[in-house]
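Q: Single-letter residue listing:
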Amino acid sequence: MPMTRYALMDLELQDPTPVLEVPLGYQGLAVVFRRGGRVVGFELEALLPGGSPEIRSRASQAARRGLLTALQEDIRRELAPQSARPANPSVTVVICTHNQTERLARCLASLERMEQPAGAGRPEILVVDNAPPNDATECLVRLSAGVRYVQELRQGLDFARNRAIAEATGEILAFLDDDVVADRFWYQALLEAINQAPGAGAVTGSLLPFELETTAQVLFERRGGFRRGFEYRCYAGQDLPGNPLYPCGAGIFGTGGNMAFRRSVLQELGGFDEALDTGRPLAGGGDLDMFYRVIRAGHPLVYDPSVVGFHQHRRTRAQLRRQYWTWGTGFMAYARKSYLADPPMRSRWRRMVIWWFKDQVRSLLHSVIGRNPTPPGMVLAELAGGVIGIAGEYERSLRRVQRIREAVS
Amino acid sequence: MSRVPVRILHVDLANGLPDLPWDPTAAATWVILWWRTLPLARLEFASQQPPLDGDLWRIGVSRAIAPAVAGWLMPELFRSGESLLGIREMPPRVGLGRPIPTSLEVLSSALIPDSGGSSTAVSLVICTRDRPDDLARCLDSVHQLVPRPLETIVVDNAPATSATRELVAGMVNVRYIPEPRPGLSRARNAGVCAARGDIVAFTDDDVRVTPNWIAAVEHGFREPTVSVVTGLVLPAELETESQLIFEQGFGGFGQGFHRQLYGNGFFWHTRAYGVPVWRIGAGASMAIRRSAFERVGLFDERLGAGAAGCSEDSELWYRVLAEGGQCCYDPRVVVHHYHRREIRGLQRQMYLYLRGHAAALLIQFSQYHHWGNLRRLVYDIPSHHAKLVIKGILRRTKHRKYLLGSEIRGTVAGVFYFFQRRKDPAYSPTGQSAPMAKVASFEVDEPAADVPIGRGYQELWLLARQRGIPLGWIQMPIPPGSPVIPATAVRARLPRQWTSDPEPVGNHGGATPPISVVVCTRDRPELLRRFLESARCLRYPNWELIVVDNAPADNAAAEVAAQFEVRYVKEARPGLDWARNRGIHEAVHGIVAFTDDDVQVDTGWLTALGLGFADPSVMAVTGLVAPLELDTLPQMLFERVCGGMGKGMQSRLYQRDRLRPTDLIQTQAIGVGANMAFRRTVFERIGDFDTALDVGTPAGGGGDLDIFHRVLAAGFVLRYEPRALVWHRHRREMSELRQLFYNDGRSFAVYLGKLWRTRTVSRLALAGYTVWRWGRWLVGRIVLGLLGRHRLPLPLLLAGLWGALSGPGAYRATYRNDERIRGAGRGQFTSPAVE
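From first to last, the protein sequence lines are chains C and E.
Take the first sequence: its position 318, counted from the start at 1, is 321 in this note's numbering, and no numbers get skipped.
Take the second sequence: its position 128, counted from the start at 1, is 130 in this note's numbering, and no numbers get skipped.
Treat the hints with caution; some may be incorrect.
As the list claims (entries may be wrong) - Here are a few chain C residues that face chain E, going by a calculated C-beta distance under 10 Å:
hint	residue
1	Ala66
2	Ile78
3	Arg80
4	Ala200
5	Ala239
I should point out that these hints are in silico values taken from the structure, not numbers from a laboratory.
C-beta atoms are modelled at their ideal positions from N, C-alpha and C, and glycine is treated no differently.
Could you put the whole structure together from the sequences, leaning on the hints where they help?
A: Shown next, in the form of structure tokens:
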């Protein structure tokens with residue numbers, strides 16, 4: 004099977020005559036629209052063989068949408084009360100990593116290149132090395148200036164995250180995955196988002212593709228990837244008109260690869276659930292669970308699309324299938340856990356689970372008839388993961404985690 | 003689902019964004035966002051939502067207004083389909099280079115510039131019908147317009163009361179125009195014809211206009227290619243479920259916050275699917291260039307409220323677009339509309355909308371043969387309805403449930419409506435009261451005088467007269483637009499024998515016996531006033547006038563009579579013949595002339611009657627009844643196809659021994675009750691009018707036929723004298739004419755029944771006449787009508803037959819009724835003799 008590659012390019016809208024160049028050898032185009040450097044839009048477009056004249060008009064439409072969101076953002080800022088500039092909170096950037104030295108180096112380098120907003124100090128950078136098999140990560144971090152290194156021996160992402168909560172000094176904890184590269188304006192946008200919504204318990208950002216060089220990566224991105232749109236959104240309260248499953252469908256809030264919390268909120272909620280996100284066999288759901296609990300505790304959650312990171316997707320189809328499986332198990336384990344822990348929401352949870360399975364079956368059908376680019380095998384993997392997840396995986400995980408705790412202590 | 007009341011909040015962002023005030027009494031809040039006079043967006047908030055904190059509120063506002071702001075500030079980026087991006091060989095034509103405006107203050111460039119004073123181009127037309135309260139509110143907002151319109155015209159459409167006239171009478175700067183024929187299109191057309199401005203702006207009576215409305219309309223016409231400007235219609239209130247359903251479920255009238263230009267591209271792009279012209283706007287806020295009316299014609303009078311239902315506005319836009327014009331939707335042209343409050347009203351409205359829409363599609367198709375209209379009618383609308391039916395069953399969407407039935411019925415009714423009216427004229431070329439023919443009289447002997455023509459007449463009917471003696475009708479077409487017909491043109495058409503020397507006036511000249519004129523009226527004070535005005539001009543030495551008011555509902559007629567200082571008598575017993583009998587008893591002179599309130603008498607009427615009675619053997623005289631006006635189609639049909647009321651220009655004498663029994667029966671060929679006179683002595687011999695007959699009784703007519711018959715049957719001489727001329731205002735409306743046909747059939751049947759009983763003609767002749775002549779005539783014309791070979795519309799013919807069939811029942815009813823009145827008579831119906 005030939006490899007599908009999409010060219011990824013930046014397009015500056017303030018450029019007087021932006022020119023769209025389609026390089027040879029690519030089957031598609033992914034355009035990141037920027038305005039004054041800040042990301043305002045993204046467009047993914049397959050190219051027909053022999054070049055596609057449509058691409059310019061489609062991209063123009065996307066550019067218009069980008070301009071519109073930019074304008075909307077300007078208006079929102081203008082309408083905000085002109086209060087005194089709030090003091091920038093102290094931020095700790097947490098990178099939890101496990102045996103991924105190269106990626107971690109790339110991620111740290113992107114933080115190095117970060118634009119510094121005026122009047123804000125550099126963020127504290129904290130690398131939590133989770134159950135390291137060797138000292139490669141430690142060596143790397145020791146070489147980078149201004150980066151703290153902490154080891155967490157108990158294997159599990161949420162062990163690492165909770166360790167970060169204990170170790171960090173900043174008011175705000177911004178979590179980045181090690182396979183994410185932060186945008187130049189990531190820190191600036193994050194500070195602005197926090198300053199604009201001082202009451203928010205969490206701020207999430209968007210993740211765009213870092214590269215689209217393999218079929219698996221293109222497939223993943225075409226399914227929607229980690230994108231959540233380019234509109235600033237603020238979630239507050241326990242209901243969202245038009246969404247009866249809110250806040251159970253926590254996927255709308257953001258992704259764990261690029262999220263930030265107020266440390267006090269995390270402490271109040273008792274940190275991440277260590278039974279989720281343990282790596283195999285239950286490698287997900289911790290971020291969703293945290294978003295859900297933040298909302299349920301009454302803290303507003305802000306999704307700000309200008310807080311952008313670039314995520315390196317799984318390169319092979321097997322890895323991708325594995326990821327979908329993870330999503331299925333993770334989501335259902337999170338559902339199981341919340342169903343048990345949050346009785347007032349149970350009816351919503353029942354509907355949520357029914358909807359999820361219905362939706363999976365629908366996408367499976369669409370996949371079979373070719374309306375869904377994701378291959379049926381991958382949809383099936385997610386569906387099967389969901390079945391496993393709901394069938395006692397959370398309880399099993401709880402027992403496993405208990406064993407880990409005992410073993411390490 | 004629908005929650006009411008909804009609070010409507012107007013927020014001007016130029017004053018900064020206030021906090022959203024929290025009102026738990028309202029079920030929801032709709033926020034309409036403005037930048038001064040520029041509407042930007044609408045936001046909805048349900049009250050069960052917790053009060054928005056500042057951030058959410060700002061997000062909502064910024065998201066809502068961003069599209070409109072972009073449309074106003076960067077129209078070249080957002081309105082054009084141009085590519086914003088180039089490729090290496092071909093850089094983009096529209097540059098993105100300029101910075102995105104960073105302040106809303108820049109929106110001020112999109113505001114309509116202020117211009118005080120008064121507009122020189124825009125005439126404002128408001129059509130109304132019996133809603134004085136609404137109209138008062140509307141006019142109140144009109145008075146606050148800056149600039150003012152050139153003129154404000156209130157068209158009062160078929161009013162039932164004089165409330166509108168009285169309301170407008172007190173206002174300066176507002177012209178009042180009555181349009182008696184019901185129908186919004188007719189009213190609008192009347193407004194167009196009366197307006198002087200180059201731009202005619204329309205609004206409705208249930209609307210409040212914003213102060214810069216006229217300025218915005220004028221601004222919309224700055225581009226010379228624009229023929230039509232429509233605007234944003236916002237809900238003025240959402241207090242009832244019906245109003246909310248209308249606004250939510252059907253999008254109300256609002257067409258968004260973007261300026262749109264609809265032209266050739268739009269038309270040809272969508273033509274194959276039926277051009278969605280209704281998207282252009284709403285009739286409650288529109289303005290049209292006068293030149294566009296000249297190019298594409300007026301509103302189609304088969305459409306619109308009062309006719310098919312609606313779509314008269316969009317059908318006109320369709321013609322404008324089809325002829326290459328442009329329509330502009332400009333949201334800065336804002337009005338606030340008060341939707342119907344009751345759900346029943348809404349159901350009716352939906353029915354009418356769909357009926358109008360279906361009829362409009364067929365009219366558009368028949369006019370231009372654009373198949374998209376048919377496609378929409380036979381495919382898109384039915385499948386849309388089918389989907390809604392299925393959805394309604396599955397999901398139980400409530401507001402649709404009670405309206406969907408109305409919509410489907412409306413669509414079907416629209417098709418039928420079109421096929422019934424497809425031959426009707428779309429509009430009369432002038433608009434106001436659609437005159438068909440101008441009626442005038444022309445004195446042959448007098449030196450040439452040109453005949454003035456009002457606007458828009460197609461034909462001229464001239465009654466040629468020689469020293470008052472009617473000679474005959476001259477009919478001639480009127481060249482379009484000519485204000486007068488020169489006398490020479492008329493003369494050229496006169497037959498030679500008319501212009502020769504007059505025949506010597508008979509040797510009875512100078513006889514002027516005293517005459518009592520009895521005019522019977524019932525609840526038509528306006529007509530009575532006109533009659534009395536005409537009676538003032540009668541030239542006769544010795545006469546009296548008695549107004550007999552028959553079972554009046556109020557004393558309006560008495561007031562009119564008092565103004566003219568004539569004798570006024572009230573007859574409480576209902577029935578025209580009761581009134582006539584009362585007139586006989588009140589009359590002091592030896593000759594009693596009867597007429598109706600819907601005529602105007604000629605100045606020589608009494609002179610001619612007097613001459614008619616110069617022969618002492620003549621006991622009764624009846625005269626010529628000419629049409630007063632031929633403005634409407636029913637009047638024209640009645641006069642031209644049915645022969646009207648005139649019985650020719652030849653004087654005739656009728657006497658029993660010279661008449662066949664058939665002639666004795668069909669006395670309708672002899673004369674009409676609107677113009678007849680008798681010697682009083684004849685009543686002593688044959689009795690008074692038959693009170694069981696004529697208008698006001700179940701018989702519905704026939705009193706005049708009966709009295710002519712009895713006069714002749716008793717052997718007296720009756721004279722037809724065409725010089726005794728009155729002008730009769732025929733029925734203006736088709737419905738009135740249909741009623742007349744019905745009554746004629748019915749009363750003639752009753753009259754025949756009476757002849758059967760009294761045996762004044764042989765029963766054999768009567769039966770033969772009834773079956774062979776009358777019956778065959780009635781049925782035969784219906785057959786012709788069904789074949790499409792009769793010039794009268796089928797409903798009229800059927801009404802005649804139906805009336806005849808109801809005759810036997812009416813016969814029994816009317817005589818029983820008459821007995822009851824006579825029995826109760828003295829006690830119940832006595833009234834003071836003279837007031």
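Q: Hint by hint, where does the structure go against what was stated? Just the numbers, ascending.
A: none
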